[in-house]
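Chains P and F, in that order, are what the protein sequence lines are.
So for the first sequence, our numbering puts the first residue at 23; every next one is plus one.
So for the second sequence, our numbering puts the first residue at 23; every next one is plus one.
If you're looking for bench data, these hints aren't it; they were derived computationally from the structure.
There may be inaccurate statements among the hints.
A pair counts as met if it fits within one copy or between any two copies, since identical chains are not told apart.
Unchecked claim - The calculated lysine to aspartate or glutamate pairs, modelled on EDC-like cross-linking and capped at a C-alpha distance of 20 Å, are:
{"#": "1", "residue 1": "Lys-75", "residue 2": "Glu-86"}
{"#": "2", "residue 1": "Lys-75", "residue 2": "Asp-227"}
{"#": "3", "residue 1": "Lys-164", "residue 2": "Glu-219"}
{"#": "4", "residue 1": "Lys-75", "residue 2": "Asp-109"}
{"#": "5", "residue 1": "Lys-80", "residue 2": "Asp-48"}
{"#": "6", "residue 1": "Lys-164", "residue 2": "Glu-86"}
{"#": "7", "residue 1": "Lys-39", "residue 2": "Glu-61"}
{"#": "8", "residue 1": "Lys-164", "residue 2": "Asp-227"}
{"#": "9", "residue 1": "Lys-164", "residue 2": "Glu-94"}
Protein chains: 2
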Amino acid sequence: MSMKGAAFVRARQPAQKQQRYRAILDAARELAERDGVGEVSLGDIAGRVGMHKSALLKYFGTREEIFLRLAEEEWQVWAPRVVERLDALREPDGAGRLGEDLVAETVVDSIAERPLLCQLLAYAPLILERNVSLDAARSFKKATWRAIDDVADALHRVLRTVSRDDCAELLTAGGIAAAGLWQAAHPPPVLVRLYGERPLPGRADRFCAVDFSAALRRFLQVHLTGLRHRHGAPESGGDPLG
Amino acid sequence: MSMKGAAFVRARQPAQKQQRYRAILDAARELAERDGVGEVSLGDIAGRVGMHKSALLKYFGTREEIFLRLAEEEWQVWAPRVVERLDALREPDGAGRLGEDLVAETVVDSIAERPLLCQLLAYAPLILERNVSLDAARSFKKATWRAIDDVADALHRVLRTVSRDDCAELLTAGGIAAAGLWQAAHPPPVLVRLYGERPLPGRADRFCAVDFSAALRRFLQVHLTGLRHRHGAPESGGDPLG
Numbered sequence: 023m024s025m026k027g028a029a030f031v032r033a034r035q036p037a038q039k040q041q042r043y044r045a046i047l048d049a050a051r052e053l054a055e056r057d058g059v060g061e062v063s064l065g066d067i068a069g070r071v072g073m074h075k076s077a078l079l080k081y082f083g084t085r086e087e088i089f090l091r092l093a094e095e096e097w098q099v100w101a102p103r104v105v106e107r108l109d110a111l112r113e114p115d116g117a118g119r120l121g122e123d124l125v126a127e128t129v130v131d132s133i134a135e136r137p138l139l140c141q142l143l144a145y146a147p148l149i150l151e152r153n154v155s156l157d158a159a160r161s162f163k164k165a166t167w168r169a170i171d172d173v174a175d176a177l178h179r180v181l182r183t184v185s186r187d188d189c190a191e192l193l194t195a196g197g198i199a200a201a202g203l204w205q206a207a208h209p210p211p212v213l214v215r216l217y218g219e220r221p222l223p224g225r226a227d228r229f230c231a232v233d234f235s236a237a238l239r240r241f242l243q244v245h246l247t248g249l250r251h252r253h254g255a256p257e258s259g260g261d262p263l264g
Numbered sequence: 023m024s025m026k027g028a029a030f031v032r033a034r035q036p037a038q039k040q041q042r043y044r045a046i047l048d049a050a051r052e053l054a055e056r057d058g059v060g061e062v063s064l065g066d067i068a069g070r071v072g073m074h075k076s077a078l079l080k081y082f083g084t085r086e087e088i089f090l091r092l093a094e095e096e097w098q099v100w101a102p103r104v105v106e107r108l109d110a111l112r113e114p115d116g117a118g119r120l121g122e123d124l125v126a127e128t129v130v131d132s133i134a135e136r137p138l139l140c141q142l143l144a145y146a147p148l149i150l151e152r153n154v155s156l157d158a159a160r161s162f163k164k165a166t167w168r169a170i171d172d173v174a175d176a177l178h179r180v181l182r183t184v185s186r187d188d189c190a191e192l193l194t195a196g197g198i199a200a201a202g203l204w205q206a207a208h209p210p211p212v213l214v215r216l217y218g219e220r221p222l223p224g225r226a227d228r229f230c231a232v233d234f235s236a237a238l239r240r241f242l243q244v245h246l247t248g249l250r251h252r253h254g255a256p257e258s259g260g261d262p263l264g
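Hey, can you work out the whole structure from these sequences and the hints?
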């Protein structure tokens with residue numbers, strides 16, 4: 023550390039703190055993307071940043087706060103990107119059956135390219151949200167709600183026959199589906215061994231080779247069709263405004 | 023322990039072991055239903071049964087094997103019960119729109135009355151399956167696949183316009199949705215505090231008071247409608263056999 027006098031050191035402090043904060047998040051992200059969120063301990067993160075665990079705990083109250091903060095950042099990066107791509111879809115065609123499939127594909131691609139977000143979708147409710155401060159929970163939830171609202175608005179701009187509320191419902195269901203499908207598509211070693219055994223009973227094969235993007239795309243297509251036919255579409259006699 | 027000679031003690035061993043095995047499962051179930059699966063440690067279970075942890079580990083290799091075995095039992099109890107109720111629906115009416123809603127309600131009721139199963143649906147892929155032996159994983163997965171196959175058969179018997187494969191797809195999607203919706207409907211204390219704050223941003227209210235049965239029923243209804251309209255129903259020009 024440079025020692026050009028106490029005044030200078032103090033002035034550098036906020037920037038240093040910000041740097042450390044960022045380094046902790048980056049280390050947690052790298053480890054989680056390599057080993058899986060469930061395998062990464064607070065000690066692992068501290069070790070990678072080169073800090074003592076006690077020093078790290080001045081930045082984040084718990085291991086879970088680090089990952090919840092990463093999930094918050096993921097929502098904040100994901101939302102404007104998919105909004106931009108959805109808005110770009112509005113130019114070439116309308117919102118017929120084919121348009122819906124294109125919309126589903128656009129949403130799925132935007133999620134599939136963020137594997138950490140996909141992992142964290144399942145960990146957030148089960149693990150992360152259970153071991154964080156109220157401030158951390160509030161900050162995360164507000165980012166989540168904001169992301170869903172912004173993307174629902176964009177979906178409604180491109181799928182005009184689907185109500186704004188149905189668009190939000192589609193995203194909420196899609197988020198839950200993405201959480202589960204990601205886990206199914208990334209089985210742990212013991213399941214990989216099991217899935218390699220032959221013969222497997224009955225129709226078990228289809229559970230053993232889940233393609234995340236294909237499965238989520240199919241899910242969104244089916245659910246969107248269902249929403250439109252249940253009360254979103256004029257031809258079903260429903261109220262287009264939900 | 024009774025000491026009527028070694029021969030007698032040996033003869034009682036299998037029954038005793040079976041009793042212990044059962045006592046461990048019952049203790050884990052009681053603690054998980056009271057405190058939540060995530061809060062129950064191996065030590066908690068051992069303490070409740072009155073065994074040492076080392077003795078308990080002769081029955082189950084890990085804490086996760088105990089809960090995965092409970093999940094396996096839950097599938098095995100759930101499937102025949104819902105099959106029976108679905109088969110009973112075949113008598114009074116056909117399989118029109120109203121029939122579908124009744125089917126969704128029947129499935130939801132059968133799941134909602136098994137809160138341990140609902141909890142374990144989320145824990146199994148994220149936690150349990152990652153820390154068990156191959157034998158435990160195989161036994162659990164076979165029970166899961168069998169349950170889905172049996173219930174899909176029953177669904178197809180009552181929803182004749184929906185293909186057998188679509189019935190299985192509905193159940194798989196429904197299981198993933200149930201896992202996520204159960205967590206949303208049972209938030210941890212820090213989220214209960216957050217949800218009580220006013221004002222909440224935008225449309226956040228609807229995320230703060232999730233009714234598990236109502237949300238899962240709506241999910242199944244929408245998804246079933248979507249499956250039927252995408253390729254299951256004659257009126258959409260699809261192949262009724264999928």
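Comparing the hints with the structure gives:
1. Lys-75 / Glu-86: Classified as within; 14 Å inside a copy, 28 Å across copies.
2. Lys-75 / Asp-227: Answer is neither: 44 Å inside a copy and 37 Å across each miss the 20 Å cutoff.
3. Lys-164 / Glu-219: between (45 Å within a copy, 12 Å between copies)
4. Lys-75 / Asp-109: The answer is neither: 45 Å in one copy and 58 Å across copies each exceed 20 Å.
5. Lys-80 / Asp-48: This pair counts as within: shortest intra-copy Cα distance 17 Å, inter-copy 41 Å.
6. Lys-164 / Glu-86: The answer is within: 17 Å in one copy meets 20 Å, while 33 Å across copies does not.
7. Lys-39 / Glu-61: neither (27 Å within a copy, 34 Å between copies)
8. Lys-164 / Asp-227: For Lys-164 and Asp-227, the Cα distance is within 20 Å only across copies (12 Å; inside one copy 40 Å).
9. Lys-164 / Glu-94: Within one copy only: 9 Å inside, 37 Å across.
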